[in-house]
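Q: What follows is each chain in one-letter form.
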Amino acid sequence: MIQPLHACLILSSLLFCIGLAGVLARHNTILMLIGVELMLNAANVNFIAFWRYGAWAGQSAGVMFAIFSIAVAAAEIAVGLALVILIFRHVRTTSIDRVDGMKG
Amino acid sequence: MSISFIIISMIILLGAAAAVSFSNLIHCALSLAVAMVGLAMLYLHLGAEFVGFTQVLVYVGAVSIVVLFAILLTRPAPFSPGVHVPWHGRVTGILVAGLVAGMLVGAVLGTPLTSHVGQRVITVKQIGMELMTTYAAPLEIVGLLLTAALMGAVILAAPENGEKKP
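These protein sequences, in sequence, are chains Z and A.
First residue of the first sequence? That's -4 in the numbering used here, and the numbers climb one at a time after it.
First residue of the second sequence? That's 2 in the numbering used here, and the numbers climb one at a time after it.
Excised from the complex, chain Z in its bound form:
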């Protein structure tokens, strides 16, 4: 029978790879940002899993890391979507293939 820590780590690995597939296979900038969010959340799952099932000495570091990681991810998505809107205003598309020029 698979151990609970292993189960959590496999779940986070699969979540990470779904996000990776979204970033690599889709050509829409907003969908790529969604993929990045999924990958960040996979890391959070690992923090909580090791906090819950790892060697325990009364620490709360895993929970704290997850909270700070959520805050940083919120900042990241805000700036990322602002950049997407800015690019859309210039080139009228959100496809990553059309945004290949260096000259605005």
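No wet-lab data here; the hints were simulated from the structure.
For glycine and all other residues, C-beta sits at the position ideal for the given N, C-alpha and C.
Careful, some of the hints might be misleading.
[To be verified] Derived contacts from chain A toward chain Z, CB cut-off under 7 angstroms, selection only: (1) L14; (2) A20; (3) V21; (4) L40; (5) T55; (6) V59; (7) V109; (8) L151.
Starting from the structure of chain Z, add chain A where the hints point.
A: Quick look at chain A alone, frame taken from chain Z:
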């Protein structure tokens, strides 16, 4: 590994897979919200209540709505030519992700880790005390980072002077 863990995993993985595979972007954003609710359920299941509720507040409440706003603000013009995605790019991406998944799962299964099962609780009071003592400096830095990031986002996305409204 309990039945509830399997159900929660299914919600997370199906929601995430739907979020990156639908062709309608609004459906993608709503599937992302489903996956985030599943993650919050996982945190509650593992005993990290505060992180679970933070997940609901930040991701389901804020991030999904911001993504929806961005999708609605960047609608392509009607009758614009659809984006042609080459099939080999999509296949390559899925292939690479599958290979990485195989490697990661193999590495996890090959590592001897012991799971310390036992009741583990962390109360909100404890978290507050830790944030004000041990993690006071990171808390201030994260506050500064969030302020700078949100001001930067507003400045980037605000229409320039003299620009006509679309």
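Q: Compare the structure with each hint and give your call.
A: Hint-by-hint comparison with the structure:
no.	hint	verdict
1	L14	6 angstroms, holds
2	A20	6 angstroms, holds
3	V21	3 angstroms, holds
4	L40	6 angstroms, holds
5	T55	6 angstroms, holds
6	V59	5 angstroms, holds
7	V109	4 angstroms, holds
8	L151	6 angstroms, holds
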